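2 protein chains.
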Amino acid sequence: MHQNFNIRFAEEKDTGLILQLIRELAEYERMLNELKADEDILRESLFDRKDAEVIIAEYDNKPVGYALFFHNFSTFLGKRGLYLEDIYIRPEYRGRGFGKKIFAFLANLAEERKCSRMEWMVLDWNKHSIDFYKSLGAIPLDEWTIFRLDQDALRKLADKSK
Amino acid sequence: MHQNFNIRFAEEKDTGLILQLIRELAEYERMLNELKADEDILRESLFDRKDAEVIIAEYDNKPVGYALFFHNFSTFLGKRGLYLEDIYIRPEYRGRGFGKKIFAFLANLAEERKCSRMEWMVLDWNKHSIDFYKSLGAIPLDEWTIFRLDQDALRKLADKSK
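Protein chains in written order, with our numbering: chain A, 1 to 162; chain B, 1 to 162.
Heads up, some of the hints might be wrong.
For identical chains, the list gives no copy identity; a pair is met inside one copy or between any two copies.
Here are the simulated EDC-like cross-link-like pairs (lysine to aspartate or glutamate), alpha carbons at most 16 Å apart as the crow flies [to be verified]: (1) 160 <-> 112; (2) 100 <-> 58; (3) 162 <-> 112; (4) 134 <-> 152; (5) 100 <-> 131; (6) 100 <-> 159.
None of these hints come from the bench; they were simulated from the model. Predicted model only: the values in this text are computed from it and were never measured.
Make a model of the complete structure from these sequences and hints.
If you want it as structure tokens, here you go:
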């Protein structure tokens, strides 16, 4: 049915495309003002340092979305997990099951890499995505809250270590 | 004041101690039934594969707590962050500022490694910790929820990629 759908690992030459897709995601999440990365920063992080990995989804050889992920770690299981930082499908390609194919690809990758689980975050207002994630068998960790020290708070706290 | 307090990076010979401290944390979080890691698993993950790093806090040369962390990644910033998976201080050593010293140590490490931010999760009932994190300048990401595919759900979804 989707023989023209393909998922591949991104390469350095995709850096411009990745930034464009990230920008579209930032617009969708109403967070464009928080997008600080540029091509040089992404090239260094993704392809020199390999801080995270990116896959590109294509349909008829055109890019239709991407996912960015890295490995986290469960102390209680003693094993790596796969943490999905971003998944994005361009609006005109939604509703065709491509998102589910990306999740299945990543679940298979996580199994191959002997990961204990796969996790990601969603904005609470994004009911459409939440329903989709539940349909995949994912459960919300409702009893947990993320805390964050941003750059300024980090610097202030770091000063206290000296 | 705390000249006898010291923080050091864990080594392979600390594996048994790390497991003991993880077990104490699991008891405190009422999750002992979820603790699957043993010494062999931890040795492989932490010291062969280096999936995460551990620091040990000591007072008068006795272990009083630990923290386990790894690097996550912010797409919008294009940079690594420091993700604190666990922090634990033995009950008899609480109330002396040791937790704050561990956070300051990690904040300084995050700065040295050019991380954009530092993050961790807390159980919603743990008001004492939440107040402490806010006192450090951390903010709760109340509008986000974590979703998780556990091992069984991961396997089922992976099968759909074939």
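Hints, verified against the model:
Proximity of residue 160 to residue 112 under the C-alpha cut-off of 16 Å is restricted to the inter-copy arrangement: shortest distance 14 Å between copies versus 43 Å within a copy. Within a single copy, residue 100 and residue 58 get their C-alpha atoms as close as 14 Å, which meets the 16 Å cut-off; across copies the closest is 48 Å, which misses it. Within a single copy, residue 162 and residue 112 get their C-alpha atoms only as close as 43 Å, which misses the 16 Å cut-off; across copies the closest is 13 Å, which meets it. In this assembly of identical chains, the alpha carbons of residue 134 and residue 152 lie at most 16 Å apart only when taken from different copies (14 Å versus 36 Å within one copy).
For the homomeric pair residue 100 and residue 131, the shortest alpha-carbon distance inside one copy (12 Å) is at most 16 Å, but the shortest distance between copies (39 Å) is not. In this assembly of identical chains, the alpha carbons of residue 100 and residue 159 lie at most 16 Å apart only when taken from different copies (12 Å versus 45 Å within one copy).
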